Structures are given as C-alpha cells and as structure tokens.
Amino acid sequence: MVTAKLIGNVWATRKAESLNGFKFMMAEIISGTRTGERMIVVDTISAGIGDRVIVTTGSSARRMLGDDGIPVDAVVVGIIDEDCEFI
Amino acid sequence: MVTAKLIGNVWATRKAESLNGFKFMMAEIISGTRTGERMIVVDTISAGIGDRVIVTTGSSARRMLGDDGIPVDAVVVGIIDEDCEFI
Amino acid sequence: MVTAKLIGNVWATRKAESLNGFKFMMAEIISGTRTGERMIVVDTISAGIGDRVIVTTGSSARRMLGDDGIPVDAVVVGIIDEDCEFI
Amino acid sequence: MVTAKLIGNVWATRKAESLNGFKFMMAEIISGTRTGERMIVVDTISAGIGDRVIVTTGSSARRMLGDDGIPVDAVVVGIIDEDCEFI
Amino acid sequence: MVTAKLIGNVWATRKAESLNGFKFMMAEIISGTRTGERMIVVDTISAGIGDRVIVTTGSSARRMLGDDGIPVDAVVVGIIDEDCEFI
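Residue numbers (our numbering), protein chains in the order written: chain S, 803 to 889; chain Y, 803 to 889; chain A, 803 to 889; chain H, 803 to 889; chain P, 803 to 889.
If you're looking for bench data, these hints aren't it; they were derived computationally from the structure.
Predicted model, so just to flag it, every value in this text is computed and none were measured.
The C-beta atom is built at its ideal place from N, Cα and C for all residues, glycine as well.
Mixed in with the good hints, there may be bad ones.
[As the list claims (entries may be wrong)] Under 7 Å between C-beta atoms, here's a sample of chain P residues computed to sit facing chain A:
{"id": "1", "residue": "ARG836"}
{"id": "2", "residue": "GLY838"}
{"id": "3", "residue": "SER861"}
{"id": "4", "residue": "SER862"}
Based on the provided sequences and hints, a complete structural model is requested.
This is how it looks when you write it as structure tokens:
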C-alpha cells in the first residue's frame, strides 16, 4: 500500500454506470521516493481532504467495494492516526 | 486510477480478433510526477481528443468491457468535468 | 497498454514447458516518459522486427494465449498502422 | 518480490473492518535502483523494526492472508537471514 | 517479462510455510532504462548465478508454481541462450 494525502475531489459527471455513487478524490504520495506521484482513489470510509491515508491498488482495491465488477484500481483502506508521526 | 488527457487516436488494422470494434486512444498523464507518461487506452464512453479522463489500469480495466477475456489493461472510466479545475 | 517497437528476438532453449512454441521478442517503449524501457513480449499475431506494436501487460496479457495457465505477463495485441503517424 | 527494511509501525484506527487485527508497517526498499521507495506492508510472521524482509506485492500478497477478500496489496513473506550479506 | 541477471542467493529461514522448498535469488534487470532495478525471484528451472534470465511478474508468476496459493510475484521462466547476444 502507499501513504498518500487527499488533496481534492474529482468530479466526473460522465462515467461508467457502475461508478455512480462512489466518491473520487485526488491523492498524492507523501513518503519515500515516489513522493509527489498522484492517483485518483475511491473513498468509502469517509476520509476528507487533508487526511493522510493508506491506499491499496490493483485487484486488491476491488476487495473494498463489495462487488468485484467495479472498474476501480485504487481505494482508501485506512486513515492514518494524526498522532502517528512516522510516515 | 490516473488522470490523463486524450491526445490522439491509435489505429491498428492487424490486431487480436477480440479487440475488433474497440476504440484505442493515446492518453498522457497530466498530474503529479508521472506527468508525460503515455499509455494506449480503450474508450467505451465516447470520450474525445482533448478530454481529461480517469483511466483505470490492470485487471480492473477489464471490468469495463463486459467480457473478462479481452486482452486490455487500460480503459477510460470517466470524463473529468470541465469546471473541475483541480487535477 | 504501451506503445513499443520490436527490436529483436529472444532465444531461451531452457524454459518452462508451457512456454514451448511461443515466440519471444524484445520490445522497447517508444512513446512518453517511459521511452527506452524494455520488456520481453510474446507475439502470437506474426509481428516482425521493426514493427510498432501495442503491448498489453499483466493478467490481461494471458487473455491472448487461450490458456490462463501460461506464465506470461506481456503480449503483442496489435500492430500499429504504418500510416498512423501519431504515437 | 522486493528487498525492504521495516522502519516503523503505521497506526490507522479508522480503517476497513476487514483489516482489523492486521499489523501495518512502513517498509523501505534497500536494494537496486528502487532504493528509498516506501510502501506500507502487512506483517503476519512477527517481523520487527529493523528487519530486512522479502515483500510480495499485488494479488499474490493476498495469498498470505488466508482470505482472498482482504484489501491488501503488500505483505511480508520472509525475513532475510542476518548472515545473508548479499542483498 | 523483464531481462535480468541472477546475482546471488537470498536466504530467509523465517518465512511463510508455503514458501518452504523454493529457491530465492536476487535478480538485476540488465536491459533498457530499468537497468539496475533489483527484485527477488523464485527459480524452479535450475538457473544459476550469472545466468541471464526471463522473469515473469505479477499473477502470471504464480502460473509457474503449480499452486495458485503461493505468495510469490516474480519467477524465472526461461534462461536466455548464451549465444543470444541481443538483449
């Protein structure tokens, strides 16, 4: 998984029907040499802009969605505790 | 998922039979440190050149195609709203 | 998918039995910031050295081979038309 | 797989229910050109901070967890022997 | 697949039970812009240190192992012929 900060919402009115109802956010990696890499993630655990989160990618991301047929490859799986200084 | 701009069509007369009928386009990543990376994507939601899109990659991409047997690893899953300034 | 040029054949007499009969070629990415990255691909559509091709990677690559048990992660799925100037 | 050093614990009180009980750690790649890349991994074999470990990523990572439904894409699969100087 | 040279053995006494009996080796990519990237691979075809090999990664790697439950994401699938000068 990667450590990322949520930095904004992403709006796409025209999209795959199976994606209706999902919240898309822009995440930016904040740890290690991949810092600054951005990806669009789906959030299902009510994370917010500014939160540092754990992002799972690939086929494992679909495991968060309760339906293996959703075309999503990156999801927020956890929000890192604020007092967890180490990232 | 990655944020990309569609920058052209890709034509391949000789290709896998299972790919007949699909529209291939060149996409270029436009956000974060991967900016400038290009990939060929399949579009099934009538996106056009110049559109900023959300691209899903890997096994999740096949979930857009209604047939898990298609040898495609990147698809357009959404078109980012024009008034979504943040990417 | 990535855009690559086929630049040579790769011979491996000792290999997995399930790979017997497949043609292996060296491909080099020719578009975007990944230009110059090389990968070994399987070709099943009679592509040749010098051809510009579309390469599918990951689990989707196995979809070209008619047998999900083949340990291959990159295949040629199309040959880009010669008059397709844009890549 | 990649060679990484475990450099800290990662705490996330709010996370997917299916992740309860798993131990998350920060790992940093320590071999080759990817040195310095960080990822969050799940450890199920009692590795500790400072250990050099073998990390498996992607769908193969879920094979460590006894449940294919867990949204995890990186796990520790082995602890490199201390007297294994070569990494 | 990637072209790599096997440069050493990797020993991990403490590891997942399902990995017992497998031979782990360090491989270094030797072709293209990823040259110098290292990964730990499983070898099941009696490759040796110094051999130039074809490495398959991801879910396809598990196809070499006869058991889809093994947490391995990179395996040697072929040894490149010594007289194959082109890599």
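Check your understanding: Regarding the hint that GLY838 of chain P lies at the interface with chain A, is the smallest CB-CB distance below 7 Å?
Key -> Nearest chain A Cβ about 13 Å off; hint violated.
Check your understanding: How about ARG836 of chain P: closest beta carbon in chain A under 7 Å, or not?
Key -> Because about 6 Å separates ARG836 of chain P from the closest Cβ in chain A, which is inside the 7 Å limit, the hint holds.
Exercise for review: May I ask you to test the interface hint for SER861 of chain P with respect to chain A, counting a Cβ-Cβ separation under 7 Å as satisfied?
Suggested key: 5 Å, holds
**Study point:** chain A contact restraint for SER862 of chain P - C-beta distance below 7 Å
**Key:** 4 Å, holds
Consistency note: the structure conflicts with earlier hint 2 alone.
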